[in-house]
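S.K.: Based on the hints, put chain V in the right spot on chain R.
What follows is each chain in one-letter form.
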Amino acid sequence: MKINTVKYFLSDSIKSIRRNVTVSTASMATVAATLFILGIFLLTILNVNQGILNVESKVEVKIYLNDKITDTQQKDIEMKIRSVDGVVRNDYETKAQALENFRKQLGEQSKSLTEGLEKDNPMPNSFIVKVDKPDTVTSVVKAVTGMPGIDSIKDGREIVDKILSITKTIKWVGGSIFIILIGVSLFLIGNTIKITVYSRRREIGIMKYIGATDWFIRWPFIMEGIMIGALGGIIADVVLFYVYKLAYIKITNGLMMMQLVSPIFVSTYMLALFLGFGILIGVVGSIIALRKFLAV
Amino acid sequence: MIEFNSVNKIYNNSIYALNEVNLNIEKGEFVFLVGPSGAGKSTFIKVLLKEIEPTTGKIIVAGTDITTLKPKQVPYYRRKIGVVFQDYRLIPTLSVYENVAFAMRVVEAPLREIRKKVPVVLSLVGLSSKYKAFPHQLSGGEQQRVSLARAIVNNPSILIADEPTGNLDPETAMEIMNTINDINHAGTTVLMATHAKDIVDTMRKRVIAIERGTIMRDEKKGAYGYED
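These protein sequence lines are chains R and V, in that order. Here the working numbering is used: the first sequence runs in plain steps of one and ends on residue 296. Here the working numbering is used: the second sequence runs in plain steps of one and ends on residue 1228.
Honestly, the hints are just simulated from the structure, not real lab data. Do not take every clue at face value.
Lysine-lysine pairs mimicking DSS-like chemistry, simulated, CA-CA at most 30 Å apart [to be verified]:
hint: 1; chain 1: R; residue 1: Lys111; chain 2: R; residue 2: Lys95
hint: 2; chain 1: R; residue 1: Lys142; chain 2: R; residue 2: Lys95
hint: 3; chain 1: R; residue 1: Lys68; chain 2: R; residue 2: Lys95
hint: 4; chain 1: R; residue 1: Lys2; chain 2: V; residue 2: Lys1027
hint: 5; chain 1: V; residue 1: Lys1116; chain 2: R; residue 2: Lys7
hint: 6; chain 1: V; residue 1: Lys1072; chain 2: V; residue 2: Lys1027
hint: 7; chain 1: R; residue 1: Lys62; chain 2: R; residue 2: Lys119
hint: 8; chain 1: V; residue 1: Lys1116; chain 2: R; residue 2: Lys15
hint: 9; chain 1: R; residue 1: Lys62; chain 2: R; residue 2: Lys168
hint: 10; chain 1: R; residue 1: Lys130; chain 2: R; residue 2: Lys62
hint: 11; chain 1: V; residue 1: Lys1070; chain 2: R; residue 2: Lys2
hint: 12; chain 1: R; residue 1: Lys7; chain 2: V; residue 2: Lys1080
hint: 13; chain 1: R; residue 1: Lys15; chain 2: V; residue 2: Lys1072
hint: 14; chain 1: R; residue 1: Lys2; chain 2: V; residue 2: Lys1116
hint: 15; chain 1: V; residue 1: Lys1072; chain 2: R; residue 2: Lys194
hint: 16; chain 1: V; residue 1: Lys1072; chain 2: R; residue 2: Lys7
hint: 17; chain 1: R; residue 1: Lys7; chain 2: V; residue 2: Lys1117
hint: 18; chain 1: R; residue 1: Lys2; chain 2: R; residue 2: Lys194
hint: 19; chain 1: V; residue 1: Lys1027; chain 2: V; residue 2: Lys1080
hint: 20; chain 1: V; residue 1: Lys1132; chain 2: V; residue 2: Lys1117
hint: 21; chain 1: V; residue 1: Lys1220; chain 2: V; residue 2: Lys1046
hint: 22; chain 1: V; residue 1: Lys1027; chain 2: V; residue 2: Lys1046
hint: 23; chain 1: V; residue 1: Lys1117; chain 2: R; residue 2: Lys2
hint: 24; chain 1: R; residue 1: Lys171; chain 2: R; residue 2: Lys133
hint: 25; chain 1: R; residue 1: Lys245; chain 2: R; residue 2: Lys162
hint: 26; chain 1: V; residue 1: Lys1046; chain 2: R; residue 2: Lys194
hint: 27; chain 1: V; residue 1: Lys1130; chain 2: R; residue 2: Lys15
hint: 28; chain 1: R; residue 1: Lys7; chain 2: V; residue 2: Lys1132
hint: 29; chain 1: R; residue 1: Lys7; chain 2: V; residue 2: Lys1130
hint: 30; chain 1: V; residue 1: Lys1116; chain 2: V; residue 2: Lys1130
hint: 31; chain 1: V; residue 1: Lys1132; chain 2: R; residue 2: Lys15
hint: 32; chain 1: R; residue 1: Lys119; chain 2: R; residue 2: Lys68
One side of the interface only, derived from the structure: several residues of chain R facing chain V at Cβ under 8 Å [to be verified]:
hint: 33; residue: Thr5
hint: 34; residue: Tyr8
hint: 35; residue: Arg201
hint: 36; residue: Arg202
hint: 37; residue: Ile206
hint: 38; residue: Ile210
hint: 39; residue: Ala212
hint: 40; residue: Thr213
For each residue, glycine too, the CB sits at the ideal point set by N, CA and C.
Extracted from the complex, chain R is given alone in its bound form (with noise of 0.2 Å):
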């Protein structure tokens, strides 16, 4: 295609935007609203799974020793543990330390609670054992099982899969609401592209007439299309990040310890994911819509 062409088609498919503004509005602010649903979901997933990493790096496994434990026993408990794959560390805990720990977490008020404990500590000695993934802790806990002198044993897998199961329900709920919006946006779009098409209609006939090639004709329809949808997704994209920016002040203000996607991610890969997604449902729309009128 000539440049000259390009230009042409350009020009014509802003006109035509202008000429019907209300119907453009609409189907953009369709794309906007469905990329917005979008980007949302993506940030609580991505959220989520940063968390989970979070989660993740801390998992371990503590195994709780029987005070009469001999020292042979001891050492094979920690034979076995050290000959599991993806054992990270492996720290012996005493009473005193576990004693000691336990007071930190409940801080300077309560101390009174835990006052004269250590004559008879109730704390038991530990082993606890950091691993690189939640997988190994059941390979861990596995090994270990019934061995002579373990009192019990916990591992933090119940928490990581809570958050597994929540961030499977936010991924569906959040597909099946995309998907609708996404065949709104279509639809809005193709609607917005056959009004075109109609009130172009004369116009298309003297072009087929003279001998313009299917695709000469289809083109600024598409470009109008992309138009609609590139715009909406930008659209989505600024109040996006300015939704998230401010929710990212909030929450990281109140909670020191969380670590949020940034929202430079917004502005950034999302913007391209958006504008990509936007084009993309802006060109679909417009051949769906085509389609039908233009059968030659």
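M.R.: Positioned in the frame of chain R, the structure of chain V alone reads:
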């Protein structure tokens, strides 16, 4: 230039819009297509433009059997033919100049060529002074001139005119006919469907008369031959 070999067009299995049409139009000829309404003139033009397909038969234009053209080739075939209609079919939102330039844009002519060619064609049809005007500001005759300019701007070898004077007063009609005659003299084959008795009888060109899909007459320097 245009050859019809046993061309039939049957609608709804029984109505013959074209019935065993055989004819040959030479390059540079001027042909009037006459006949009562519904006789098949429109169908004749439509099959020639590949707007509809004949049921059977061959149509050869400039050496190519157009009934075998693939859909993708049709636009390129149509570029060899200029068409004008009774209702002009100009684009109302474009000026005279833009309407003519539009035809060149559609075939992706370079901008430089468009700027050079459009004024030439506009002066040929006598509309140089009104190139900025919009269709609604022009008289019927002027609009038909724009339509003629648009039809010939891409140098077609054939000009098809479907009742080009149907909406015009006799005087304006004659002026349009003079322009079409000029185009014909420049080497373009002209095929014109018409109901205008005076024009056909004055110009004395080849006349092909169609009735109920069949060619009834084909005369060199013929006359209209109907009471109107």
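S.K.: Evaluate each hint against the coordinates.
M.R.: Each hint tested on the structure:
1. Restraint check for R/Lys111 and R/Lys95: the C-alpha separation of about 18 Å stays at or below 30 Å, so the hint holds.
2. Pair hint R/Lys142 plus R/Lys95 holds up; C-alpha atoms about 25 Å apart against a cutoff of 30 Å.
3. Annotation: proposed proximity of R/Lys68 to R/Lys95 holds, straight-line Cα distance about 13 Å (limit 30 Å).
4. Between R/Lys2 and V/Lys1027 the alpha-carbon distance is near 33 Å, which puts this suggested pair outside the 30 Å criterion.
5. Straight-line distance between C-alpha atoms of V/Lys1116 and R/Lys7 comes to about 20 Å, which keeps the hinted pair within the 30 Å bound.
6. For the suggested pair V/Lys1072 and V/Lys1027, the alpha carbons sit about 26 Å apart, so the restraint of at most 30 Å is met.
7. Taken as a hint, the R/Lys62 and R/Lys119 pair is honoured in the structure, with Cα atoms around 24 Å apart against an allowance of 30 Å.
8. With a C-alpha separation of about 26 Å, the suggested pair V/Lys1116 and R/Lys15 falls inside the 30 Å cut-off, and the hint holds.
9. Between R/Lys62 and R/Lys168 the CA atoms are separated by roughly 28 Å; this keeps the pair inside 30 Å, and the hint holds.
10. Simply put, R/Lys130 and R/Lys62 have alpha-carbon atoms about 9 Å apart, close enough for the 30 Å limit, and the pair holds.
11. Distance hint between V/Lys1070 and R/Lys2 is fulfilled; the C-alpha atoms sit about 24 Å from each other, no more than 30 Å.
12. Proposed proximity of R/Lys7 and V/Lys1080 is supported: the alpha carbons are some 26 Å apart, at most 30 Å.
13. Between R/Lys15 and V/Lys1072 the alpha-carbon distance is near 28 Å, which keeps this suggested pair within the 30 Å criterion.
14. For a cut-off of 30 Å, the pair hint linking R/Lys2 to V/Lys1116 stands: about 18 Å separates their Cα positions.
15. Distance hint between V/Lys1072 and R/Lys194 is fulfilled; the C-alpha atoms sit about 23 Å from each other, no more than 30 Å.
16. In summary, the hint linking V/Lys1072 to R/Lys7 is supported, as the alpha carbons are separated by about 24 Å, within the 30 Å threshold.
17. Note on R/Lys7 and V/Lys1117: the hinted pairing holds, with a Cα-Cα distance of about 20 Å set against a maximum of 30 Å.
18. For the hint linking R/Lys2 to R/Lys194, the alpha-carbon distance of about 26 Å falls within 30 Å, and the restraint holds.
19. Using a Cα cut-off of 30 Å, the hinted pair V/Lys1027 and V/Lys1080 holds, with the two alpha carbons roughly 13 Å apart.
20. Between V/Lys1132 and V/Lys1117 the CA atoms are separated by roughly 16 Å; this keeps the pair inside 30 Å, and the hint holds.
21. Under the criterion of a C-alpha separation no larger than 30 Å, the hint pairing V/Lys1220 with V/Lys1046 is consistent with the structure, at around 24 Å.
22. Taking the CA atoms of V/Lys1027 and V/Lys1046, the gap is about 20 Å. The hint holds against a cut of 30 Å.
23. Distance check on the hinted pair: V/Lys1117 and R/Lys2 sit about 19 Å apart at the alpha-carbon level, within 30 Å; holds.
24. Proposed proximity of R/Lys171 and R/Lys133 is supported: the alpha carbons are some 22 Å apart, at most 30 Å.
25. Annotation: proposed proximity of R/Lys245 to R/Lys162 holds, straight-line Cα distance about 28 Å (limit 30 Å).
26. Proximity of V/Lys1046 to R/Lys194 is assessed by CA-CA distance (about 26 Å); at most 30 Å being required, the pair is judged to hold.
27. Restraint check for V/Lys1130 and R/Lys15: satisfied, since their Cα atoms lie roughly 24 Å apart, inside the 30 Å limit.
28. Restraint check for R/Lys7 and V/Lys1132: the C-alpha separation of about 22 Å stays at or below 30 Å, so the hint holds.
29. With a C-alpha separation of about 26 Å, the suggested pair R/Lys7 and V/Lys1130 falls inside the 30 Å cut-off, and the hint holds.
30. With a C-alpha separation of about 17 Å, the suggested pairing of V/Lys1116 with V/Lys1130 holds against the 30 Å cut-off.
31. A C-alpha spacing of about 19 Å is found between V/Lys1132 and R/Lys15, which places the hinted pair at or below 30 Å, so the restraint holds.
32. Note on R/Lys119 and R/Lys68: the hinted pairing holds, with a Cα-Cα distance of about 17 Å set against a maximum of 30 Å.
33. The restraint placing R/Thr5 at the interface with chain V holds, with a minimum CB-CB distance near 5 Å, inside the 8 Å limit.
34. Evaluation of the R/Tyr8 hint against chain V yields a held restraint, the C-beta minimum of about 6 Å falling below 8 Å.
35. Restraint check, R/Arg201 versus chain V: the minimum CB separation of about 12 Å is more than 8 Å; hint violated.
36. Taking 8 Å as the C-beta cut-off, the interface hint given for R/Arg202 holds, the closest approach to chain V being about 7 Å.
37. The beta carbon of R/Ile206 comes within 5 Å of a beta carbon in chain V, closer than 8 Å, and the hint placing it at the interface holds.
38. Look at R/Ile210: its Cβ gets to within about 5 Å of chain V, closer than 8 Å, so that hint holds up.
39. The beta carbon of R/Ala212 comes within 4 Å of a beta carbon in chain V, closer than 8 Å, and the hint placing it at the interface holds.
40. With a least beta-carbon distance of about 5 Å to chain V, the hint placing R/Thr213 at the interface is held under the 8 Å criterion.
Comparing the model with each numbered hint stated earlier shows that hints 4, 35 do not hold.
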